[in-house]
Structure formats: C-alpha cells, structure tokens
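Peer 1: Single-letter residue listing:
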Amino acid sequence: GQQVMQIPQYQHVQEGEDFTTYCNSSTTLSNIQWYKQRPGGHPVFLIQLVKSGEVKKQKRLTFQFGEAKKNSSLHITATQTTDVGTYFCADEYGNKLVFGAGTILRVKS
Amino acid sequence: GAVVSQHPSWVICKSGTSVKIECRSLDFQATTMFWYRQFPKQSLMLMATSNEGSKATYEQGVEKDKFLINHASLTLSTLTVTSAHPEDSSFYICSAGNRGLYNEQFFGPGTRLTVL
Numbered sequence: 001g002q003q004v005m006q007i008p009q010y011q012h013v014q015e016g017e018d019f020t021t022y023c024n025s026s027t028t029l030s031n032i033q034w035y036k037q038r039p040g041g042h043p044v045f046l047i048q049l050v051k052s053g054e055v056k057k058q059k060r061l062t063f064q065f066g067e068a069k070k071n072s073s074l075h076i077t078a079t080q081t082t083d084v085g086t087y088f089c090a091d092e093y094g095n096k097l098v099f100g101a102g103t104i105l106r107v108k109s
Numbered sequence: 001g002a003v004v005s006q007h008p009s010w011v012i013c014k015s016g017t018s019v020k021i022e023c024r025s026l027d028f029q030a031t032t033m034f035w036y037r038q039f040p041k042q043s044l045m046l047m048a049t050s051n052e053g054s055k056a057t058y059e060q061g062v063e064k065d066k067f068l069i070n071h072a073s074l075t076l077s078t079l080t081v082t083s084a085h086p087e088d089s090s091f092y093i094c095s096a097g098n099r100g101l102y103n104e105q106f107f108g109p110g111t112r113l114t115v116l
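These protein sequence lines are chains A and B, in that order.
With this note's numbering as the guide, the letters of the first sequence map in order to residues 1 to 109.
With this note's numbering as the guide, the letters of the second sequence map in order to residues 1 to 116.
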C-alpha cells in the first residue's frame with residue numbers, strides 16, 4: 001500500500017533556530033496534509049497542499065509540495081516553545097489518510 | 001474548525017471484558033469517521049473507515065470481530081474492543097470528515113485504554 005516516509009524522527013532545537021521536517025514517497029502523492037499533535041493531545045490540521053510545486057505560508061510556517069509530488073516539507077522559522085509537538089504529514093489516499101511516522105520537535109528556551 | 005468529542009477519555013478494564021468508545025461530531029454531519037490506534041511516540045495507524053449506514057472497511061491486519069465499529073448516525077460512531085487483552089492497551093483516536101464541507105479530518109481527543 002501507500003507509504004509515506006518522514007524524517008527526521010526527532011529534533012531538538014534551541015529557541016530561535018529553524019526547523020524542517022520532510023516527507024517522501026516512492027510514488028506520486030495525491031494531496032498532502034500536515035497535522036500537529038501537541039504532547040498529550042490529538043492531531044490538529046494545519047494545511048493541505050494539492051498542486052505540484054505549491055508553497056503556502058502560515059506566519060512562521062512554510063509548507064512546500066515538490067514538483068514531482070513525491071515529497072513535501074514543513075519549515076518553521078525562528079522556533080518558539082509553543083511549536084513543541086509532533087508534526088505529521090499525511091497523504092490523502094482514496095478517502096483516507098496515510099500518515100508519516102511524524103517528527104517530534106523539542107525546543108530549548 | 002469543527003469539533004469532535006470522544007468518550008471516555010480514558011478507561012481501565014480487566015482482561016476479557018469489552019470496552020465501548022464513542023466518537024461524536026458536535027457541529028457537523030460526518031459522512032465518514034475513521035478509527036486510529038497510536039502507540040507512544042509513534043504514528044497513527046488507521047484501523048478502519050466507517051461510513052454512516054454501512055459496514056466499516058477494515059485495514060489489513062485488523063480483526064473485524066475484535067474491533068466492532070458501528071456508525072449509526074451522521075454524528076456518532078462507536079468502537080467496541082471485545083474481549084480486551086493487555087496487548088490492546090493503546091491510545092485510540094477517532095476522526096470525522098465530510099468531503100462536501102471540509103478537506104481535512106477533525107480528530108477527537110482520544111481514548112487511553114489500559115487492559116490489566
């Protein structure tokens with residue numbers, strides 16, 4: 001079945017540093033959705049990318065969809081302690097989501 | 001965004017008992033609900049897709065008779081873990097969607113199941 005690889009598994013950054021998580025697939029991704037899960041919480045939708053090469057921004061967050069629709073990235077500029085959590089990408093496969101393994105972000109103040 | 005509730009938030013039960021978890025979409029009609037299982041520091045594993053008024057579609061490796069899913073209305077889906085065993089202990093999360101209204105899925109707060 002469809003598989004989405006996500007790296008890194010874990011990243012610990014100093015507050016103010018940038019952070020990036022990457023998703024890759026050997027097959028063409030349909031639509032990519034990004035979710036954030038705070039510790040002890042549930043996933044919350046951040047954004048959806050549909051078009052090849054699409055770039056979307058939400059304040060300090062920049063989301064990209066690769067030209068070949070086989071990869072996507074989430075970049076956070078100048079991390080803050082409120083950015084702590086696990087970031088998941090998910091491919092919309094049929095009517096269901098196939099999640100990447102997630103990247104756990106820890107921010108040192 | 002839309003709100004999805006889940007009940008109970010946590011449950012501890014003895015081995016061999018059955019546990020029912022409810023998932024409700026509070027402010028929209030969910031044409032589809034999904035049930036996930038999540039182990040600590042791991043990703044969400046889709047267990048089944050539930051469409052209102054029809055049988056659930058289970059993912060490969062998920063036992064239908066073990067995890068009973070009912071989607072009786074557009075706002076309620078239930079997951080029953082039958083004859084629970086310690087290895088069923090996990091975090092169960094539901095999500096709800098309506099493709100005519102939203103692109104994304106809205107997740108419930110999850111249920112922490114511990115089987116002794």
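Keep in mind the hints are simulated off the structure, nothing from the lab.
These numbers come from a predicted model, not from an experiment.
Just so you know, even glycine gets a beta-carbon here, dropped at the ideal spot from N, CA and C.
Hints may contain errors.
Pairwise CB distance ranges (calculated) [claimed, not checked]: (1) A/Val44 - B/Pro8: 19 to 27 Å; (2) A/Ala78 - B/Lys66: 26 to 34 Å; (3) A/Gly94 - B/Phe39: 43 to 51 Å; (4) A/Gly16 - B/Pro40: 45 to 53 Å; (5) A/Gln80 - B/Ser89: 44 to 52 Å; (6) B/Thr17 - A/Ala78: 45 to 53 Å; (7) B/Lys64 - A/Arg60: 24 to 32 Å; (8) B/Gln29 - A/Gly41: 35 to 43 Å; (9) A/Val44 - B/Thr17: 30 to 38 Å; (10) A/His12 - B/Gln29: 20 to 28 Å; (11) B/Leu76 - A/Val44: 16 to 24 Å; (12) B/Val3 - A/Thr82: 37 to 45 Å.
Peer 1: Take the hints in turn and mark each one as holding or not.
Peer 2: Here's how the hints hold up against the structure:
1. A/Val44 - B/Pro8: 19 to 27 Å: Because 21 Å falls inside the window, the suggested range holds.
2. A/Ala78 - B/Lys66: 26 to 34 Å: violated (47 Å)
3. A/Gly94 - B/Phe39: 43 to 51 Å: With Cβ atoms ~24 Å apart, the hint is violated.
4. A/Gly16 - B/Pro40: 45 to 53 Å: With a Cβ separation near 29 Å, A/Gly16 and B/Pro40 fall outside 45 to 53 Å, so the hint is violated.
5. A/Gln80 - B/Ser89: 44 to 52 Å: The hint (44 to 52 Å, Cβ to Cβ) is violated, given that A/Gln80 and B/Ser89 are roughly 34 Å apart.
6. B/Thr17 - A/Ala78: 45 to 53 Å: holds (50 Å)
7. B/Lys64 - A/Arg60: 24 to 32 Å: violated (44 Å)
8. B/Gln29 - A/Gly41: 35 to 43 Å: violated (25 Å)
9. A/Val44 - B/Thr17: 30 to 38 Å: At 32 Å between Cβs, range holds.
10. A/His12 - B/Gln29: 20 to 28 Å: The hint (20 to 28 Å, Cβ to Cβ) is violated, given that A/His12 and B/Gln29 are roughly 42 Å apart.
11. B/Leu76 - A/Val44: 16 to 24 Å: holds (22 Å)
12. B/Val3 - A/Thr82: 37 to 45 Å: violated (22 Å)
Violated hints, listed in ascending order, are 2, 3, 4, 5, 7, 8, 10, 12; each of the other numbered hints is respected by the structure.
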